[in-house]
Amino acid sequence: MLVAESKCVRDRELLVDPAVSRAKFDRELARYRERADEHCQRGWWLLAAEFPEVFVVFATPQTKPPAVVFGAILDFTNYDYWPPSVRLVDPFTRVPYAAKDLPTVLNRRTTTPIAEHEARAALGLPDDVGLKSMLDQPLMQWYDPEDVPFLCLPGVREYHDHPGHSHDPWLRHRGGGAGTLHFLLEQLYRYGVAPITRFQVQLVPQVGFAQADVPT
Amino acid sequence: MLDHKELLTVIVNGESVQVEANPQVPLRTIIPEALHKAEVVGQPPENWDVRDAQDQLLDLGQKIGTFGFTASTVLSLSLKAGVGG
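Protein chains in written order, with our numbering: chain A, 917 to 1132; chain B, 595 to 679.
Calculated directly from the structure, the hints in this document are not laboratory data. Note that CB positions come from ideal geometry on N, CA and C, so glycine has one too. Warning: the hint list may mix true and false statements.
Derived contacts from chain B toward chain A, CB cut-off under 10 Å, selection only [to be verified]:
id	residue
1	N607
2	G608
3	P620
4	Q637
5	S672
6	G676
Please construct the entire structure, taking both the sequences and the accompanying hints into account.
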């Protein structure tokens, strides 16, 4: 509880003159709006933007029929001394998703080299063939299914606030492109929406007996 | 198709800039100029990808002239997302 209260207080801290953060927020928005038509064609709908928050909904123009996938609220408080906060939200109510309700976990495929002689031998491959293991890792992270998950990427406030990432402070990334509105929306799109190519329908047929009539 | 030096439109962090494209050199050569024109510093050129309008990753080692770009082509420079998780 103390941790939650502490975080709540921290989220209200004012560390940057709001006029400065607002100017940077407006610059990000202006860049977005310059290419608003292209963003719309990719299924990005900016529905509200009032400092410090931007509300964007992502849809799938590539599916027939198109579908609304999720909403995202980006909070630019103390920007860019802090990176923006990113929350995936219900596109209709703007309520943050609990992990168990996420429509997508934003899987990212990672590869790591492995060099086990045994693996190559088992596959019948020569020793000079490199092997890599592929792992689909969710960018949305949580501990409990009831938790509000966070986007685990450099450039996102929740990532840099996490004690597990104290080795990778925001100030290493600030000004380099990560943490901009465009960068964050691009990541949400690339891992959350672009890979969707069709609908997956699971039907569970149930077989029972049908009667023409019920005897008296 | 570009057969002599032309200007290509490149989006960097949502901002549009124009860079000179030489069809005989690899695609990666447009990255430093695009970053310079967009005044984006802090991340070296090797930390950026180039994607086409369909968000497809392009081969940075491939010569620009082989892509079939036209004057209306719009490319996008995207920062490689850091490792999360």
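Going through the hints against the structure:
no.	hint	result
1	N607	5 Å, holds
2	G608	3 Å, holds
3	P620	22 Å, violated
4	Q637	4 Å, holds
5	S672	6 Å, holds
6	G676	4 Å, holds
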